[in-house]
Amino acid sequence: SVQAHKEEDNPQRTMEVNGLTTPVPASYDYDLIVIGGGSGGLAAAKEAAKYEKKVMVLDFVTPTPQGSSWGLGGTCVNVGCIPKKLMHQAALLGQALQDSRKFGWQFTEEVKHNWMTMTESVQNYIGSLNWGYRVALRDKKVTYENAYGEFVGPHTIKATNKKGIEKLYTAERFIIATGERPRYLGIPGDKEYCVSSDDLFSLPYCPGKTLVVGASYVALECAGFLAGLGLDVTVMVRSILLRGFDQDMANRIGEYMKEHGVNFIREFVPIKVEQVEEGTPGILKVTAKSTAGDQMIEGEFNTVLLAIGRDPCTRKIGLDKVGVNINEKTGKIPVNDEEQTNVPYIYAVGDILQDKLELTPVAIQAGRLLVRRLYAGATTKCDYVNVPTTVFTPLEYGACGYSEETAVEKFGEENIEVYHSHFWPLEWTVPSRDNNKCYAKIICNIQDNERVIGFHVLGPNAGEVTQGFAAAIKCGLTKEQLDSTVGIHPVCAEV
Amino acid sequence: MGWEEVQVRGYSEFVRTAQSYHGRPIFALFCGDKDAEGKSWCPDCVTAEPIVRKELHNLPDGSVFIYCLVGDRAYWKDPNNEFRKNLKLTGVPTLLKYGTPQKLVEEECFKAELVRMLFTED
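So the protein sequences, as listed, match chains A and B. For the first sequence, counting from 1, position 441 maps to 441 in the UniProt record's numbering; every step adds exactly one. For the second sequence, counting from 1, position 84 maps to 84 in the UniProt record's numbering; every step adds exactly one.
Here chain A stands alone, though its shape is the one from the complex (with noise of 0.2 Å):
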């Protein structure tokens, strides 16, 4: 049975929440409730224990349709950025190996791959952060729950553990950060058969033949990986690759991955997922019909990996019980500039929020600016604007500012200047790399200087290079300054 608080005890204050008059806790237990344990939450609630608030992290992971669960720490750090990269890594160590006889390297046994090796010390690396961030919050006295948040009242949550109980706690102040799970098809065997980015990372044996469901990053960064790692990789597409980003940088994009292996199946949507054998891995015929037309297919793969999107985890969250609004299509919840529902001492910072960008470093800036606003009188707000990202495919994109589409769209074509090269990095000659792949671009805005408000690059290490351009364009950064700037030889970077 559920124990409330002892509400003779606490003088009868009440609140209007959707007509419902309910009573406040007068004192409450914590200054701040922090409802997941990622990228946002974490960086919140290490911040206010700074200024010595009484914090709790609610973290909980419902295990997958395949029984993959994991530990504190999000998505980034569990089944996102950190195995991803990783992966990503492997990938073009194998790539490394075969240049390497270019340059001189001998060895002569064949190289393969072993799954197995990667993942586990993938997940061991991953454990140890697991385990780094319980120090961190345990140190700094911050409580920590592995219970499932939600809200049942005005200031007051219930946190339910793995095994069913429940506690009731208050809290002067919230922020949610429960970020999002991957979407699923909707289609029959769909969840019976088919694996996600959550289960991708953490796979008790090699993949194989893999179908991958999506265009969106996570997918193409997927197929990239492990079509680097020697697998069979099919990318089935139901309209464009990479939505969102500029156009041009994606279709390159999908055209590297498609010279190096990846098949692409595109204008195709997956009708069914049937299982014709079991095993680790068994073997899945997949139906797909066409977009633009009658068109039926099918296919066989061992493993069928939907990467079309992710959905908040907001609805299950008692929201409505606080009148925390939320948009009904997507799930994600409006906040003003200083991150705030529209109930006062209710927050919301990470993937959850509507129209801001889902990025991990996103979520910390957003996370602690919020929390120094709120106790140490700080007034900075996030800037989300010119936020640096990268792609992690098998030819690496990194991007800051605007898309082509998007700076012709809203300065004119008339009035913005692109200016763009291809490069064959240095490394790549010797052992005959593709020599017109690589590409970077930069977007102008003539009427104001020629100020740079798109740059892209397309090249190894994309992500290094462009986190340095986009301190400069936070600067202001003019064409003519880049010109003045002298290159650094020889570097990708220095077109």
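Any given hint could turn out to be false.
[Claimed, not checked] Here are a few chain A residues that face chain B, going by a calculated C-beta distance under 7 Å:
id	residue
1	V122
2	N124
3	S128
4	W131
5	A136
6	R138
[Said to hold, decoys possible] Over 12 Å on every C-beta distance to chain B, these chain A residues come out as not near it, computed from the model:
id	residue
7	Q123
8	Y125
9	L129
10	G132
11	R134
12	D139
13	Y144
14	I165
15	G279
16	E427
17	N435
[Claimed, not checked] SDA-like, lysine to any residue: derived pairs with alpha carbons at most 20 Å apart:
id	chain 1	residue 1	chain 2	residue 2
18	A	K141	B	F65
19	B	K97	A	K163
20	B	K111	A	N130
21	B	K88	A	N124
22	A	K50	B	L114
23	B	K111	A	R183
24	A	K162	B	A112
25	B	K97	B	R73
26	B	K111	B	F65
27	A	K141	B	D122
28	A	K209	A	V269
29	B	K54	A	R138
30	A	K140	B	P43
31	A	K163	B	D122
32	B	K111	B	P43
33	A	K141	B	A112
34	A	K209	A	V276
35	A	K410	A	K474
36	B	K97	A	N124
37	B	K111	A	A136
38	A	K140	B	L114
39	A	K140	B	E106
Hints are computed from structural coordinates only; laboratory data are not their basis. Bear in mind the structure is a predicted one, so any value in this text is a computation, not a measurement. The C-beta atom is built at its ideal place from N, Cα and C for all residues, glycine as well.
Based on the hints, put chain B in the right spot on chain A.
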């Protein structure tokens, strides 16, 4: 069933002992050697040991606590010693849950709260 303590010295003895308890939760505290008066050359180990010992009653039933002396100061400082190379230890004292990434290093071992968390939580 409670828990039991085993004291070992040096890398080979540690590995043999850990292997012999395979299947049970194993916790290990690594400290610098002690002199004839029972005092370690490692001052942090001297501080940490009583704090860790005070939390041992929290060990789960069936656990094994291995108290391991790593060697003298010169051996420890060698960057190629077996504890550094094979167990990836970076400092003494180190308190760890064998076979997991869970560990506490140096000053972290001074904090009873953290030691308790290592012993009692998953």
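Structure-based check of each hint:
The closest approach between the C-beta of V122(A) and any C-beta of chain B is roughly 12 Å, which is over the 7 Å cut-off, so the hint fails. Interface restraint check for N124(A): the shortest CB-CB distance to chain B comes to about 6 Å, inside 7 Å, so the restraint holds. For S128(A), the shortest C-beta to C-beta distance to chain B is roughly 4 Å, which falls under 7 Å, so the interface hint holds. For W131(A), the interface hint holds, since its Cβ comes within 7 Å of a Cβ in chain B; the closest pair sits about 5 Å apart.
Taken as an interface hint, A136(A) does not check out: its beta carbon lies about 10 Å from the nearest beta carbon of chain B, beyond 7 Å. Here the hint on R138(A) is kept, as its CB sits about 5 Å from the closest CB of chain B, short of 7 Å. Against chain B, the non-interface label of Q123(A) is violated: not every CB pair exceeds 12 Å, the least being about 9 Å. Interface exclusion of Y125(A) from chain B breaks down, the closest Cβ pair being 8 Å apart, not more than 12 Å.
With a least beta-carbon separation of about 8 Å from chain B, L129(A) fails to lie farther than 12 Å from that chain, contradicting its non-interface assignment. The non-interface label for G132(A) is inconsistent with chain B: the shortest C-beta to C-beta separation is roughly 9 Å, within 12 Å. The Cβ of R134(A) does not lie farther than 12 Å from every Cβ of chain B; its closest approach is about 7 Å, which violates its non-interface assignment. The beta carbon of D139(A) is not kept farther than 12 Å from every beta carbon of chain B, the shortest such distance being approximately 7 Å.
Residue placement check: Y144(A) does not keep its beta carbon more than 12 Å from all beta carbons of chain B (closest about 10 Å). For I165(A), the condition that its CB be more than 12 Å from all CB atoms of chain B holds, with the nearest at approximately 16 Å. With a closest Cβ-Cβ approach of about 29 Å to chain B, G279(A) is found to remain outside the 12 Å limit, as its non-interface label requires. E427(A), annotated as away from the interface, keeps every beta carbon of chain B farther than 12 Å; the closest lies near 31 Å.
Interface exclusion of N435(A) from chain B stands, the closest Cβ pair being 42 Å apart, more than 12 Å. Taking the CA atoms of K141(A) and F65(B), the gap is near 27 Å; set against the 20 Å cutoff, the hint is violated. Proposed proximity of K97(B) and K163(A) is contradicted: the alpha carbons are some 24 Å apart, above 20 Å. At most 20 Å may separate the alpha-carbon atoms for a hinted pair to count; K111(B) and N130(A) meet this at roughly 19 Å.
Proximity of K88(B) to N124(A) is assessed by CA-CA distance (about 13 Å); at most 20 Å being required, the pair is judged to hold. With a C-alpha separation of about 18 Å, the suggested pairing of K50(A) with L114(B) holds against the 20 Å cut-off. A C-alpha spacing of about 43 Å is found between K111(B) and R183(A), which places the hinted pair above 20 Å, so the restraint is violated. For the proposed pair K162(A) and A112(B), the alpha carbon gap of about 27 Å is over 20 Å, so the pair is violated.
Restraint check for K97(B) and R73(B): not satisfied, since their Cα atoms lie roughly 24 Å apart, outside the 20 Å limit. With a C-alpha separation of about 18 Å, the suggested pair K111(B) and F65(B) falls inside the 20 Å cut-off, and the hint holds. Under the criterion of a C-alpha separation no larger than 20 Å, the hint pairing K141(A) with D122(B) is consistent with the structure, at around 19 Å. For a cut-off of 20 Å, the pair hint linking K209(A) to V269(A) stands: about 18 Å separates their Cα positions.
Proposed proximity of K54(B) and R138(A) is supported: the alpha carbons are some 19 Å apart, at most 20 Å. Proximity of K140(A) to P43(B) is assessed by CA-CA distance (about 25 Å); at most 20 Å being required, the pair is judged violated. Annotation: proposed proximity of K163(A) to D122(B) holds, straight-line Cα distance about 14 Å (limit 20 Å). A C-alpha spacing of about 16 Å is found between K111(B) and P43(B), which places the hinted pair at or below 20 Å, so the restraint holds.
Our distance criterion of 20 Å between C-alpha atoms is met by K141(A) and A112(B), whose separation comes to about 13 Å. Between the alpha carbons of K209(A) and V276(A) the distance comes to roughly 14 Å, so the proposed pair stays at or under 20 Å and holds. Taking the CA atoms of K410(A) and K474(A), the gap is about 19 Å. The hint holds against a cut of 20 Å. Between K97(B) and N124(A) the CA atoms are separated by roughly 13 Å; this keeps the pair inside 20 Å, and the hint holds.
Our distance criterion of 20 Å between C-alpha atoms is met by K111(B) and A136(A), whose separation comes to about 12 Å. Among the hinted pairs, K140(A) with L114(B) is consistent with the structure: their alpha-carbon atoms are about 11 Å apart, no more than 20 Å. Taking the CA atoms of K140(A) and E106(B), the gap is near 17 Å; set against the 20 Å cutoff, the hint holds.
Hints 1, 5, 7, 8, 9, 10, 11, 12, 13, 18, 19, 23, 24, 25, 30, counting from the list given before, are not met by this structure.
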